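6 protein chains.
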Amino acid sequence: MFAHNKRLQYTVRVSESNPGLANLMLEQFGGPQGELAAACRYFTQYLAEDDPGRRDMLIDIATEELSHLEVIGTIVAMLNKGSKAQLAEAVDSEAELYKNISGHGNSSHVTQVLYGGGPALTNSGGQLWSAGYIDSIGDPAADLRSNIAAEARAKIVYERLINLTADPGVKDALGFLMTREISHQQSFEKALYSMQPNFPPGKLPGKPEFTNVYFNMSSGEGDARGPWNTEPTFEFREAEVAVDGGSGLPEVTMTRGEASVSKQAAARLASDPDSNPVTGAMLGMGGADPTAEGIVDAKAAKKKAASSQSAKRGSKTT
Amino acid sequence: MFAHNKRLQYTVRVSESNPGLANLMLEQFGGPQGELAAACRYFTQYLAEDDPGRRDMLIDIATEELSHLEVIGTIVAMLNKGSKAQLAEAVDSEAELYKNISGHGNSSHVTQVLYGGGPALTNSGGQLWSAGYIDSIGDPAADLRSNIAAEARAKIVYERLINLTADPGVKDALGFLMTREISHQQSFEKALYSMQPNFPPGKLPGKPEFTNVYFNMSSGEGDARGPWNTEPTFEFREAEVAVDGGSGLPEVTMTRGEASVSKQAAARLASDPDSNPVTGAMLGMGGADPTAEGIVDAKAAKKKAASSQSAKRGSKTT
Amino acid sequence: MFAHNKRLQYTVRVSESNPGLANLMLEQFGGPQGELAAACRYFTQYLAEDDPGRRDMLIDIATEELSHLEVIGTIVAMLNKGSKAQLAEAVDSEAELYKNISGHGNSSHVTQVLYGGGPALTNSGGQLWSAGYIDSIGDPAADLRSNIAAEARAKIVYERLINLTADPGVKDALGFLMTREISHQQSFEKALYSMQPNFPPGKLPGKPEFTNVYFNMSSGEGDARGPWNTEPTFEFREAEVAVDGGSGLPEVTMTRGEASVSKQAAARLASDPDSNPVTGAMLGMGGADPTAEGIVDAKAAKKKAASSQSAKRGSKTT
Amino acid sequence: MFAHNKRLQYTVRVSESNPGLANLMLEQFGGPQGELAAACRYFTQYLAEDDPGRRDMLIDIATEELSHLEVIGTIVAMLNKGSKAQLAEAVDSEAELYKNISGHGNSSHVTQVLYGGGPALTNSGGQLWSAGYIDSIGDPAADLRSNIAAEARAKIVYERLINLTADPGVKDALGFLMTREISHQQSFEKALYSMQPNFPPGKLPGKPEFTNVYFNMSSGEGDARGPWNTEPTFEFREAEVAVDGGSGLPEVTMTRGEASVSKQAAARLASDPDSNPVTGAMLGMGGADPTAEGIVDAKAAKKKAASSQSAKRGSKTT
Amino acid sequence: MFAHNKRLQYTVRVSESNPGLANLMLEQFGGPQGELAAACRYFTQYLAEDDPGRRDMLIDIATEELSHLEVIGTIVAMLNKGSKAQLAEAVDSEAELYKNISGHGNSSHVTQVLYGGGPALTNSGGQLWSAGYIDSIGDPAADLRSNIAAEARAKIVYERLINLTADPGVKDALGFLMTREISHQQSFEKALYSMQPNFPPGKLPGKPEFTNVYFNMSSGEGDARGPWNTEPTFEFREAEVAVDGGSGLPEVTMTRGEASVSKQAAARLASDPDSNPVTGAMLGMGGADPTAEGIVDAKAAKKKAASSQSAKRGSKTT
Amino acid sequence: MFAHNKRLQYTVRVSESNPGLANLMLEQFGGPQGELAAACRYFTQYLAEDDPGRRDMLIDIATEELSHLEVIGTIVAMLNKGSKAQLAEAVDSEAELYKNISGHGNSSHVTQVLYGGGPALTNSGGQLWSAGYIDSIGDPAADLRSNIAAEARAKIVYERLINLTADPGVKDALGFLMTREISHQQSFEKALYSMQPNFPPGKLPGKPEFTNVYFNMSSGEGDARGPWNTEPTFEFREAEVAVDGGSGLPEVTMTRGEASVSKQAAARLASDPDSNPVTGAMLGMGGADPTAEGIVDAKAAKKKAASSQSAKRGSKTT
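Taken in sequence, the protein lines are chains A, B, C, D, E and F. The first sequence lines up with residues 1 to 318 when you count with the working numbering. The second sequence lines up with residues 1 to 318 when you count with the working numbering. The third sequence lines up with residues 1 to 318 when you count with the working numbering. The fourth sequence lines up with residues 1 to 318 when you count with the working numbering. The fifth sequence lines up with residues 1 to 318 when you count with the working numbering. The sixth sequence lines up with residues 1 to 318 when you count with the working numbering.
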């Protein structure tokens, strides 16, 4: 069961109203790397976790993330507090109010017009938060790695917000929130590596003939080698089709009935490769005889284009 | 630039039509842990990556994931090939066709009715693929960890599909795809750890007084200790408000005009704590005098309920 | 700041594994009327609320909804606990496991294959939770009404789940959760009506000539009268265009430049009403001369169709 | 069946092209509180409603909301009419056109580049309209409350738009649309209260021992009392776990096979609380010996930090 | 199987950093008419296509679209390359960095703060890419038409971007990408019309009495005639209900049990048309006696309003 | 302005309750090819259309599609009418009700539990309707093609539903709805081709050297030729990089400051290709010495695997 104390985990001090900055802060409130995503991620894992140690850790951190959601949401609310009342009470002229909500160079107009200045569960561009942001799949060797990565991402987004914030109180609180991501990442790392073995995750081993192969799928200038595609870990191989030694072509066995009806459908829907049909595009070429069609002499056009290419670049007709 | 060879990277052999199994396979085609998500993840990172080694690795693996998308999509297409034609040609009765699409105990009806048996970019429940599944943020210390986690998740989902698949050819191809996730995870691990330091990610250090603290936010039975909340890495502390030493209460400085209009809004919208208003709910209690309201004697009700609780459990009136 | 106690607000007792029932329960975990939506709704309102009474009430109820999210999520986890391990350990045959996840007649396969049996933030059909479910707009006269409605909806969905649940422990816990929605609705009602006036919400009055008019937009059999469209509250009027007394046709004043370029675009894109062009559809009618086109004699066809209608209904050719 | 008259229900007069204002107006076209949501809400309820009075009212209002969708969409179209042609015909330079679509301080560039100046079913930030905005659940005691709340929200968003609009013709039409929400709310209120009883919604009564209890889940400064948590309606209680009198701990009965395989999974996936593993984070600390790990002396750091806190606030290193 | 060459299909030359322009380019990277949508559209059709000619064409074009995705994504990356490092390294002041990300008059702040300057799979407003953009349904007569339309849309969006771009290298590359859409449209047209017949799509004929009827559903000023509603193709008819000759009223046969329980539900939920209930709105009118209710004399108000209408238009009180 | 007649455009007669069939019908109510999408598509185009003929046609067809939405929604409501009341009144046992909602082999449980048997704006799998389904972009040469394609798709989905429906009244109404799509497609075709020229859409011509080129991007078995890649329309060319004659490598000119900070970021984030770091995966291999790492001898493993491949296929260990 949750309980709440109306004091924050970290004190929020805001120097002045700033709806533009408020809007950027939404990134860590309702954005994909934000605190709601973090809290939901750990809380849902907690519910299904059987290991006592991980279970306790997950709910400790989930509860702290909820408390961080409150801190970042409070920052948004404080930064918006002045502008919120201005739009609600409308004591200024329409032109001034319009300028107020549009003059921040970002999407803060959505926060004002639609959400009335309240912290909304969107990112800084107004994209609604979605549970698609949460990648928990119910296996600790995968989920702990997902948590480690999530903390790393949240740390970086906080760092960017800190770099963009001149208000000292907001900067200070963001610094705390960023720091806790570092701490949480370390907890998840300890939990992962105290479960042995944890690689490869799951129970099934890989096919040994492909577990340590690196396929060079992209050729040409820029090919590089490093520990990620080199011995002793990897056998480096050029890309090839049908690495299983088969034909590389799909097969399916169908019943006689299925095969027959498939054939029937194929016949009904066949394109005739030997036709040269009049098309809708030809009908739409305007004025030209739709039954005749001269190929644009592409080779000639190409030569001509090449010779005049530098001149033409950027011209109105492309 | 991409090029394509019409042979698959791994040969697909399907024993018989099986639209129900086809539908499950969509999880790795258009699901959150599937191959499209993987390919898009690495490809978009590639485009913005400046480090030559990582850049090459990312496009190698992105290209292979596209080739895996083709393999898993081909499995779906082969498993659906028979049923697809049956619905299109409608040689069977309505009742038989209806049974065909509804008899698989999962959401395969969507694949048949809406997508005509083609592989659709949805998961096995019909949820449309969304770029919200991709968590790249443009920092390699975060993105490589995200990639490691993504490979771990994909490995597990393939393992589950393998456990559910009796068709030997499908099982074999799934085994290949699962194996490659193990290999790719190892490449991303090598790339991460050959970048030093990579922890904490980013450039800003944390606040040292909070970097190695573990807050015990959840109390009571089940509290556990382990390396994730213990020395030498962590100082274990009980939860407390205002860890910064402040009041824990938010503050904002507003201009005089903002403060005045805020006060005006607050007055207009104040709730009167000393009133006892008639409410809409009271009006809707049906027959009762809406101006009178007797509290359900909750304490008495509770005692009575407690005494009869075991009997009542599960009864129709809850 | 939030804190957590590892005991639940209400004890969850589950009689037996039941993944099908678990899946239905997701409706109140990650569905639109579920507990996450409720908690987020009140918590975000709390952050921006200035009225001390409402602020306290909102966080009290938000915290309780989080605790309910834990109860319903725990029910899901317990109902899935057996099947989760079966798929992870794969001690049964593929055929048995496949039957296990597909045999529940609902979308529980998604929960098993994708989420590994953990409670996922989706509804019972696998639709991902979205912040689009939360309709808070930052005005208490609107938000309290939204909260009242949300509690009413949640009460009904719980009632449906109770009607579908034979497990007595699950039924008992659902009964508690349903009951709390009734209580919360009453709190929101009291808060709304202790703010006076609260209707119409906001500050601007309506145009008096349209505030109490009911337009009869749908004619014909089934027209009904009741207090919702009758005196003394309403003037009942037949639908009419341009109720403002104007032309009902839109106008815009453009600059000379805008008008000229608009005219230019219109000319470029004009359809010729006097033409009878050959179309793509005509080209695709197969074998017919695409330059000739005989209208299907629709009137004759209609008569013929009418005479044979009862016979034809339901026939294969529609 | 619907029919249409090409005159509007209310005449739209726009003074000048204004793509920025056009974009804000989208909030009530394709936004969550907009007219499409309203029309769909009442229309879908109508289809399933059996009560003749409500049925007629729902389709009357749905039809009027469709007519309002036309009014607000026409406003958008008129405000964009000039800029739309400018981009299509490209008679101005690239720089001027770029400035045109980017100079409005809100997201109007999406409307221009993607939608070509036509009214799109998005909100003012470009978020696509989703049926997740519609909360109908097929019970009139819930749906009528949802409708009442929806009308209240729409009224407020129109009020905000009116406050932001200086164009007199647009302001006038918005005033009409806002007024009709007031009227519709009154109709839904009459319909709700003419159904008795309507509270609690549905058929099942609550558990009497919890129906009128208020749990004080949030403690500390700011606790407030009011009619929403006070007698005569409510018994005020402090939060407690396991209010049912049980243990507050979840239980599930599993078959012997399920229990055994659960135990097997738990053993395979157990974290060792007594280990102190080397972790990935430690490997990434750069240069440090990954097998040694000195705890940052968090307590000392904390003291030091506290003493220098006011100075450090806002500094570049956080 | 896919392979990759690290050279682009078309050379990208960018004159200077321009994050605002970068953001607009996202429209064709992760927007609905962009290259990912195109590639996924043709690739998924390829997987299920049996006709050898169409199958080859689909994968040729899908592979080219992937290569175009790389070109447009590279343009985004180059335009963002400078600003990306500035935010990551934070060598400038907070104020300068804030101005940098907010000064472009569009949603580029999302690209910078959330995605770190990398090409993200969103449109230019930050809306996440969704598979809902892909409309393939597994029938070639429908899918080829969808492809033709998709190419036409992509051509137009490229044209708009070209009109907005002053950078000659970017404009040149956009010109290439736009041109290829023209070419691809022609291929899909040829493929459609070489399948005969292709209209109407599918196998079932329409009901002949309605196949060539045009219903005039919208009356009044602006009614127009043209080849789309005129002989020889169409019979022009005024709208009418129940064109089948029936009652136009729905019927369902229910079992006796269903009918009885339906009647029971209807009785429980009936609204009383003869009541005049006190409503929540009346309770909220503030100070007024909630049991009395005087109708606003709407007709009188209307007259008064009409007389003062021109004066009032645009005034603060609406 | 819209008006409504409470009779349907086509009479709906349903033989018996059938919630499973009801659920399939949602595909054309709230699915991507359904009637809401159609109505919204044409209605939004209407609002921005200036051409008088197209404008009238668009609103005629939009209004008819709304009337079709009513027909298909009524079918859903009738098919669900019995089951809806059963769940609301709960006169049957929990087990019977559970079986009722789960026994249809598709996702009908969502319709019952969440939407109470009412027609919901989802597809048959519960996916919420989204405006992402609408592809209008404000250019008639593109939008008319999109409309043609949309009608073709809707025709096919109706055909599939007809093939699955045994209820004669439902089948008859579906036949009408399908037929109207054929008619509407013809209208849009006439409108497109009466606008000349309409190909290529838009105003800018393509680059002539690439307008009629077909690149053969996919090689190998299955290469096919047809009118879509052949003279006289197309020049057939093998895929090549940098078709512009450049290097195929991206370039950007940055300011000195940008270049310097980019270099700084690159140095900070460089991976060392000559290292062979210990990785997290190595730490997780369980028991093995994490500082040693023997490559799995992939070549040897491959040979061994090949020799035993047929035996191993389908075995538990993959």
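Bear in mind the hints are in silico, worked out from the structure with no lab data behind them. Quick caveat, the model's predicted, so the values are computed rather than measured. Glycine is no exception: its CB is placed at the ideal position from the N, C-alpha and C atoms. Some clues are possibly wrong.
[Unchecked claim] Quick list of the computed label-pair ranges, beta carbon to beta carbon:
{"hint": "1", "chain 1": "B", "residue 1": "A259", "chain 2": "C", "residue 2": "P197", "range": "20 to 28 Å"}
{"hint": "2", "chain 1": "C", "residue 1": "A242", "chain 2": "E", "residue 2": "E240", "range": "22 to 30 Å"}
{"hint": "3", "chain 1": "D", "residue 1": "K99", "chain 2": "C", "residue 2": "P208", "range": "51 to 59 Å"}
{"hint": "4", "chain 1": "C", "residue 1": "E238", "chain 2": "E", "residue 2": "S260", "range": "34 to 42 Å"}
{"hint": "5", "chain 1": "D", "residue 1": "A266", "chain 2": "B", "residue 2": "A267", "range": "43 to 51 Å"}
{"hint": "6", "chain 1": "C", "residue 1": "P197", "chain 2": "B", "residue 2": "R225", "range": "43 to 51 Å"}
{"hint": "7", "chain 1": "F", "residue 1": "R256", "chain 2": "B", "residue 2": "E240", "range": "46 to 54 Å"}
{"hint": "8", "chain 1": "D", "residue 1": "E240", "chain 2": "C", "residue 2": "E238", "range": "58 to 66 Å"}
{"hint": "9", "chain 1": "C", "residue 1": "P197", "chain 2": "F", "residue 2": "A95", "range": "19 to 27 Å"}
{"hint": "10", "chain 1": "F", "residue 1": "E238", "chain 2": "A", "residue 2": "M285", "range": "49 to 57 Å"}
{"hint": "11", "chain 1": "C", "residue 1": "Q264", "chain 2": "E", "residue 2": "P232", "range": "30 to 38 Å"}
[As the list claims (entries may be wrong)] Simulated crosslink set (EDC-like; lysine to aspartate or glutamate; CA at most 16 Å straight-line):
{"hint": "12", "chain 1": "A", "residue 1": "K6", "chain 2": "D", "residue 2": "D223"}
{"hint": "13", "chain 1": "B", "residue 1": "K99", "chain 2": "F", "residue 2": "D167"}
{"hint": "14", "chain 1": "F", "residue 1": "K6", "chain 2": "E", "residue 2": "E240"}
{"hint": "15", "chain 1": "E", "residue 1": "K6", "chain 2": "F", "residue 2": "D167"}
{"hint": "16", "chain 1": "C", "residue 1": "K6", "chain 2": "B", "residue 2": "E16"}
{"hint": "17", "chain 1": "D", "residue 1": "K171", "chain 2": "D", "residue 2": "E16"}
{"hint": "18", "chain 1": "A", "residue 1": "K6", "chain 2": "C", "residue 2": "E94"}
{"hint": "19", "chain 1": "D", "residue 1": "K263", "chain 2": "A", "residue 2": "E240"}
{"hint": "20", "chain 1": "C", "residue 1": "K6", "chain 2": "A", "residue 2": "E221"}
{"hint": "21", "chain 1": "D", "residue 1": "K6", "chain 2": "E", "residue 2": "E231"}
[Claimed, not checked] Listing some non-contacts, in silico: residues in chain D with all C-beta distances to chain E over 12 Å:
{"hint": "22", "residue": "D50"}
{"hint": "23", "residue": "P52"}
{"hint": "24", "residue": "L97"}
{"hint": "25", "residue": "G126"}
{"hint": "26", "residue": "L128"}
{"hint": "27", "residue": "P197"}
{"hint": "28", "residue": "A224"}
{"hint": "29", "residue": "R237"}
{"hint": "30", "residue": "E238"}
{"hint": "31", "residue": "E240"}
{"hint": "32", "residue": "A242"}
{"hint": "33", "residue": "G246"}
{"hint": "34", "residue": "R256"}
{"hint": "35", "residue": "A259"}
{"hint": "36", "residue": "Q264"}
These are the hints, each one checked on the structure:
Range check, A259 (chain B) to P197 (chain C): about 25 Å between beta-carbon atoms, so the 20 to 28 Å window is met. Between A242 (chain C) and E240 (chain E) the CB atoms are about 26 Å apart, so this pair conforms to the stated range of 22 to 30 Å. The hinted window of 51 to 59 Å between K99 (chain D) and P208 (chain C) is violated, with their beta carbons roughly 43 Å apart. Our hint of 34 to 42 Å for E238 (chain C) and S260 (chain E) holds, since their Cβ atoms are close to 38 Å apart.
The hinted range of 43 to 51 Å is not satisfied by A266 (chain D) and A267 (chain B), whose Cβ atoms lie roughly 59 Å apart. Distance hint for P197 (chain C) and R225 (chain B): a CB-CB separation of about 57 Å, inconsistent with the stated range 43 to 51 Å. Here the CB-CB span from R256 (chain F) to E240 (chain B) is close to 50 Å, well matched to the stated 46 to 54 Å. At roughly 60 Å, the beta carbons of E240 (chain D) and E238 (chain C) sit within the given window of 58 to 66 Å.
The hint said 19 to 27 Å for the Cβ distance between P197 (chain C) and A95 (chain F), and at roughly 51 Å that hint is violated. Under the hint 49 to 57 Å, the C-beta atoms of E238 (chain F) and M285 (chain A), about 28 Å apart, miss the expected range. The hinted range of 30 to 38 Å is satisfied by Q264 (chain C) and P232 (chain E), whose Cβ atoms lie roughly 33 Å apart. Our distance criterion of 16 Å between C-alpha atoms is met by K6 (chain A) and D223 (chain D), whose separation comes to about 8 Å.
Restraint check: the Cα-Cα separation between K99 (chain B) and D167 (chain F) comes to about 14 Å, which is no more than 16 Å; the hinted pair holds. Restraint check for K6 (chain F) and E240 (chain E): satisfied, since their Cα atoms lie roughly 12 Å apart, inside the 16 Å limit. Of the supplied pair hints, the one linking K6 (chain E) and D167 (chain F) is violated, its CA atoms being roughly 58 Å apart against a limit of 16 Å. Among the hinted pairs, K6 (chain C) with E16 (chain B) is inconsistent with the structure: their alpha-carbon atoms are about 50 Å apart, more than 16 Å.
Taken as a hint, the K171 (chain D) and E16 (chain D) pair is honoured in the structure, with Cα atoms around 13 Å apart against an allowance of 16 Å. Among the hinted pairs, K6 (chain A) with E94 (chain C) is inconsistent with the structure: their alpha-carbon atoms are about 52 Å apart, more than 16 Å. With a CA separation close to 44 Å, the supplied pair K263 (chain D) and E240 (chain A) exceeds the 16 Å bound. Of the pairs offered as hints, the one joining K6 (chain C) and E221 (chain A) is violated, with about 58 Å between alpha carbons and a cut-off of 16 Å exceeded.
The suggested pairing of K6 (chain D) with E231 (chain E) is violated, with an alpha-carbon distance near 24 Å, which exceeds 16 Å. Not every Cβ of chain E is farther than 12 Å from the Cβ of D50 (chain D); the closest lies at roughly 5 Å, contradicting the non-interface assignment. The claim that P52 (chain D) is not at the interface with chain E is violated, since a C-beta of that chain comes within 12 Å of its own (minimum 8 Å). Against chain E, the non-interface label of L97 (chain D) is violated: not every CB pair exceeds 12 Å, the least being about 5 Å.
Listed as outside the interface, G126 (chain D) is inconsistent with that label: its C-beta sits roughly 3 Å from the nearest C-beta of chain E, within the 12 Å cut-off. With 12 Å as the threshold on Cβ separation, the claim that L128 (chain D) sits away from chain E is violated: the shortest Cβ distance comes to roughly 6 Å. Distance check on P197 (chain D): its Cβ comes as close as 10 Å (rounded) to a Cβ of chain E, failing to clear the 12 Å threshold; non-interface status is violated. Every CB of chain E is more than 12 Å from the CB of A224 (chain D) (nearest about 21 Å), matching its label as outside the interface.
For R237 (chain D), the non-interface assignment is confirmed: its Cβ lies about 27 Å from the closest Cβ of chain E, beyond the 12 Å cut-off. With 12 Å as the threshold on Cβ separation, the claim that E238 (chain D) sits away from chain E holds: the shortest Cβ distance comes to roughly 31 Å. Annotated as non-interface, E240 (chain D) keeps its C-beta farther than 12 Å from every C-beta of chain E; the closest such distance is 33 Å. Remark: the non-interface label on A242 (chain D) is consistent with the geometry, its nearest Cβ contact in chain E lying 35 Å away (cut-off 12 Å).
Residue-level check passed: G246 (chain D) sits 34 Å from the nearest beta carbon of chain E, beyond 12 Å. Listed as outside the interface, R256 (chain D) is consistent with that label: its C-beta sits roughly 41 Å from the nearest C-beta of chain E, beyond the 12 Å cut-off. Annotated as non-interface, A259 (chain D) keeps its C-beta farther than 12 Å from every C-beta of chain E; the closest such distance is 41 Å. The beta carbon of Q264 (chain D) sits about 38 Å from the closest Cβ of chain E, which is more than 12 Å, so the claim that it is off the interface holds.
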